[in-house]
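**Student:** With chain U held as given, fit chain Z onto it using these hints.
2 protein chains.
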Amino acid sequence: MINPILLPELRLMLAENDGQGLFEVATELHPATVADFTEGLSVEDTWSMLSHAPLGTQADIFSYYSNQKQEEMVLGGGRQRMGSLLEEMAPDNRVDLLKRLDDNVVQELLPLVAKAERHDIVTLLSYPEGSAGSFMNTEYASVPAEITAGEAIARLRNQAPDNEMIYYIFVLGPDRQLLGLVSLRDLILARPTTPVEDLMQRDVIAVRVDEDQEEVANKMARYDFLAMPVVDSSGRLVGIVTHDDIIDIVREEATEDAHRIAGVAPLTLGYLETGLLALTWKRGVWLAILFLTAMFTTTALQQYEDTQIEFTWMILFIPLIMSCGGNSGNQSATLIITALSTGDISLKDWYRVVRRELMMGLLLGVGLGIFGLIIANYYVGMPHALVVPVTVTLVVMCGTMVGSLSPLIFRRMGLDPALMSNPFVSGIIDILGIVIYMNVAILLL
Amino acid sequence: MINPILLPELRLMLAENDGQGLFEVATELHPATVADFTEGLSVEDTWSMLSHAPLGTQADIFSYYSNQKQEEMVLGGGRQRMGSLLEEMAPDNRVDLLKRLDDNVVQELLPLVAKAERHDIVTLLSYPEGSAGSFMNTEYASVPAEITAGEAIARLRNQAPDNEMIYYIFVLGPDRQLLGLVSLRDLILARPTTPVEDLMQRDVIAVRVDEDQEEVANKMARYDFLAMPVVDSSGRLVGIVTHDDIIDIVREEATEDAHRIAGVAPLTLGYLETGLLALTWKRGVWLAILFLTAMFTTTALQQYEDTQIEFTWMILFIPLIMSCGGNSGNQSATLIITALSTGDISLKDWYRVVRRELMMGLLLGVGLGIFGLIIANYYVGMPHALVVPVTVTLVVMCGTMVGSLSPLIFRRMGLDPALMSNPFVSGIIDILGIVIYMNVAILLL
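Chains as they are written, first to last, in this note's numbering: chain U, 1 to 445; chain Z, 1 to 445.
Keep in mind that the hints are not guaranteed to be accurate.
Copies of the same chain look alike in the list, so a pair counts if it fits in one copy or across any two.
[Unchecked claim] Below, computed lysine to aspartate or glutamate pairings styled on EDC-like, alpha-carbon distance capped at 20 angstroms: (1) Lys69 x Asp349; (2) Lys219 x Glu16; (3) Lys348 x Glu39; (4) Lys69 x Asp120; (5) Lys348 x Glu129; (6) Lys219 x Glu252; (7) Lys115 x Asp212; (8) Lys282 x Glu146; (9) Lys282 x Glu39; (10) Lys219 x Asp248; (11) Lys69 x Asp344.
It is worth saying that the hints were derived from the structure and are not from the lab.
In isolation and in its complexed conformation, chain U is listed as follows (with noise of 0.2 angstroms):
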């Protein structure tokens, strides 16, 4: 998103050196707000804008670029500007960061940041990908369990200008390790002298360190949390993760299913971020293999080649009867695939989505098949004409059960439902569909 109203005037104010003006620009408005109508700044002027704001603004503002500008501020930055910028950064935005460089400028970068926040990258660094670890804050409000109400106040005040998230205050023992939560509603609302020991919840919802992403952004979403304690195997609080993470989370996740359901391996980066060739094979992978299985479509229809059927007016149908099959296939497993995943439905509820699959296939198969007998009856006539209704009500049953079974079989075998992408349960109903017409057309003729 670049804003170009107020770029003219930067421009002016960057050629002019008002310290005064950018110093405004840079503090008065929302960092996202900076970020978005500097986007379109080079990255020389963009470093000299936020030089006349202090680090922590500066920091703010970065963030919230895209990760483009992200990585070509970096290298056009300089390596000193950039190393007192990371320490001033979120620990999980400078991971995200350090994460998308090249090696070697990480290698640069890490020497020029305090040694406390050098160590805190390198463990965060450590997480896999797509776990709780990975996407984590290690920067958190805590106070011990024996101090009061207003002692926590007074604690959260020295805390405060360090941590983004001070609502939810986590009670540690001597070790770390989590006891409970309080959140500075209950402080506020509380008498200064009550004990923090008799305010916290003990029952913490909390997530581990090496929990899946999609699986945190469900508890969160259920709980309707703030945030949740990131807890190591001893029950030592590490992290949290914050709401907002969790919205970019559900996104991401919704972008990887819808993609995986179209036949595209999912994207790391945006589309217009992702190199030509990358996306290339992203998407050749699954054609290629999508192709063979539509191989398999030649050597059925060559099966019926020495049939002795009157052959040729079914040629006009095929075209007709592969895309019933394959549009409700596809509707049934985009149905199934995105209810599992919202958790709208579970394994358990196999028979019932069954039985509604197989009744709407039926209603949807007589209906479509009405359609078809007029039009086959317009081209051919009877009794060749009865062949296309027949097919369709049994191919579109057939797309229903193949789309809808397929994604809970790959989710009973422990594999992402949304690999059953459409693509791919079209292709099966094609050959059964080739399959059904053929021998529909036997029996009747």
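**Tutor:** This is chain Z only, laid out in the frame that chain U set:
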């Protein structure tokens, strides 16, 4: 989600009427956890379990039940009990429930709710589905601008018991117009004598009450807010939207997109909650439209029946060629639709998109064409076999073009790009595929 682990113990407590035990169960766990494992109880048992908890906790637990369970409990709960529960529920959850109930049930319940709450319900019910007003919360923390930070915290202590979200405090003028925003964090950090006026951010990013939920979600995701103010046309604060609602909306929108892409009119309820006939209808409408599109393939094929070309061998490859075009078109359409809805690309990128898709179409087409040549040579030999790779290359390029341009054109026309569903794209490509196939054959042979 039904968690059956604690159910037997709970049934025992209910049978023994163990008030103390039931009170502890209902109050010591997170309301979502209590809802999860009591989801499987009978309506009567659920009401009797809830009756041991304070009314606020009852409302919290009730809000976490599935839609179906909530509706059963309303019908089996007695009007009196439901009336007091409605008063305690958060305004957005309560309106959500009432929208799903029959009008006559709502008319029975409303008189049992206190007047102020009733007024709030009727106002919220009047906002159109999908607007910010329809899911906003009317309970928020607010202070006037003239008071000090210390006084503001004292006022918050009074407002907190009623308000879910006290971490953002809205600063209002005498006529409730939104002047600014101050976070609880800033209030805690400030000296108690500092005027709120000096602490508040004035450049508050707000949403209009009639703004579409997708735009609201995009703003929240961009700015990482916990909550955003909702204002009416004169800038008066009427409610807030909170982070937890946004996660639900992002999910809902992504699922809707996936359904539209597969050619299913979006469901307002879950898969199993939608009636069989309603679901059949939502699918049937699209299937019928697609069926009529597919009819044109029949017409296209008929055009070529009378040409002099030896036709029969060509049938073998019709399904293969159609699936190549359909699959590559689906991939492009899904990539572009998801990239448009996450803001990854916008209309002004159309030229880059077309160039990339043309290039990818060429690479993928030539790749699959080579496969095609090998297979066709095996089945029908030269020179016939040459028709297949040329057709495949052209059809795949055609697929990427139709698939990528259609959603862009729909967006340009102000329509939802996801309406340019994959089956529809496939339908167009099927027809083009046949025309290309026949013409290539006529030219080459």
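**Student:** Hint by hint, where does the structure go against what was stated? Just the numbers, ascending.
**Tutor:** The structure breaks hints 2, 4, 5, 7, 8, 9; every other hint is satisfied.
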